[in-house]
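> Chain residues, written in single-letter form:
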Amino acid sequence: MNSEIIVENLEKIYRVPVRDSGLIASLKSLFKPIYSDTVAVSKISFQIGKGEVVGFIGPNGAGKTTTLKMLSGLLHPTSGRVEVAGFTPFERKVEYLKKISMIMGNKTQLSWDITVLDSLYVIKEIYQVSDEDFKQRLDELVGLLEIEELLPKMARNLSLGERAKCEITAALLYQPQILFLDEPTLGMDVSVQLKLRNFFKEYNQKYNTTIIITSHYMADIESLCSRVILINKGNLVYDGALEELASQISPFKIIKIAAAEDSNPDNYAKILNCIDGERSIINQRENNYSIRVHKKDIAKFTASLIESIPLVDLTVVDAPIEAVIDQIYREGVKQCI
Amino acid sequence: MHLRGGIALIKKSMFSYMASRGFFWTLTFGWMMLPLIYMFVWIVAAGEGAISGFTKQDFITYYVFLIFINQLTYPTSHWTVGDQINAGTFSVWLLRPLPPIYEAISTDIAVKVVCLPFVFLFLIVVSLFFKFKLTIDATLVWLFILSLIMAQVLRFMVAYTLAIFALFVEKIHALLRTNDTLIFLLAGQVIPTVLLPDLIKGVSNFLPYRYMLGFPIELILGKLNSNQIITGLALQCIWIVVVILINRVIWKKGIKSYTAVGG
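Residue numbers (this note's numbering), protein chains in the order written: chain B, 138 to 474; chain D, 3 to 265.
One thing to keep in mind: the hints can contain errors.
[What the hints assert, rightly or not] Pairs of lysine-lysine residues, derived as DSSO-like cross-links and limited to a Cα-Cα distance of at most 30 Å, are as follows: (1) Lys13/D / Lys244/B; (2) Lys180/B / Lys258/D; (3) Lys244/B / Lys173/D.
Since the hints were derived computationally from the structure, they do not count as laboratory data.
Next up, chain B with everything else stripped away, as it sits in the complex:
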């Protein structure tokens, strides 16, 4: 693999002030502050190839954003090696900064008090984009993201979703080689999320841009990333395909059934009696049931169900990825596997 990003034993330790509660402790800290070391990222290693789309997942405070900030050059690592596109990010060389773009859900590149188009012109000049390239890229991005009518508006007057689209336009105007996306769909409605996901997918395919994304929305990760890196408490706990992770961790499937209206009120007990193996009813609404069953018991259980209860519908689906991830966050990968 031709690695565009190489991370070896990367570590970041924050020194944070700590103190006991109360007036005396707070007075003491004025003269003799006490610090404690917090390990945000602990000796992680991975490599990412050109054009890959990789998702960083993990619970809050896991170290995902800190890793992303070290990759972009915003933070100096405490130790370890990081190389992105042949550069050491924290040296912040001009040539490096022109190759990357970082979209942070809670920070804006757009200037608040000027029109979106004026902001885009500023970015054009900073990144020294030629008039011809600017026009061509702007037309393309405006078309794909449908932001034509937003260009003459002030950034402060845009809605969250509108601003995100303009933010993405600003981030891609100079056609970066590597894109860091930190919670890019945070707080957005479902249609905007879907649109952005499709956009990033197309953009990656068209320009072979390497994309690293952190998101708490598993739909973002599922639809965009061929590979996930799971970080928990600063440690890398899994690096591979999301489906692989899910099937290793969750050997269960969900069977959804709708019993006939006039069916027996004792259905609940009947369902449980259909199989001796590991199973549980995880949801029930009127005559609709969702049952979690071990993959190996699916055929036997389904046959038994059809025999014992009159059904109007039956579907078998994978366990929702959110449930799998929740299990990992709570119990850790090793315990889960």
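The hints should help you fit chain D onto chain B, whose structure is shown.
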């Protein structure tokens, strides 16, 4: 030097200032108010006589120049820089392929360009009202321009250097306010530095503050002899070099400890 980016940032800041009308007018006239008040105080204090050689007419001339030079040299960007660092939004500046100081310099140039026409208008009105008279030695004009440029660089660099202390501390306003207070006292705003008590005058002669504001005014008004002018220009140079060196050290150490809070 990335001129294209710099000019784009200046334009951006100018558009920004003009977009918020209330802020723009307050900023434009707000700075002139304080020196104007001191001018009135000293005019009344001087009466028809003189205070240590400063007549009523001298005070008028001094403060008219002070308003003009203060407007030219006052940096605004250090407040923003400090806030951006503390809030973590400074990250956006760090990710651009041009040094963050460009943003600060551009903001300051923009605010000056935008405000200057109003300052001139204001000064013309004040001069006519107070029958402002001045005879300037032509050779002093060149030295004045030189000292004015150095005053500008020094005042900006001191403020910017203090602002990037925010890379180490979580709140920076108190430090910036202390700096403004020292300028207010020792740079010749509240009183021309030549009129300060001997001890404070001695101190102010060696600290950088006088060279950010009072020194160019005293120079153009012909209050300094050639020795004092040479010493003053030399001290301006020395302070600029010292502050730039300190700035480099703070930046190198600070950027390592920057935690890019938020997100």
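> Determine for every hint whether it applies to the structure shown.
The hints, checked one at a time:
no. : hint                : verdict
1   : Lys13/D / Lys244/B  : holds (22 Å)
2   : Lys180/B / Lys258/D : holds (19 Å)
3   : Lys244/B / Lys173/D : holds (20 Å)
The structure agrees with every numbered hint stated previously.
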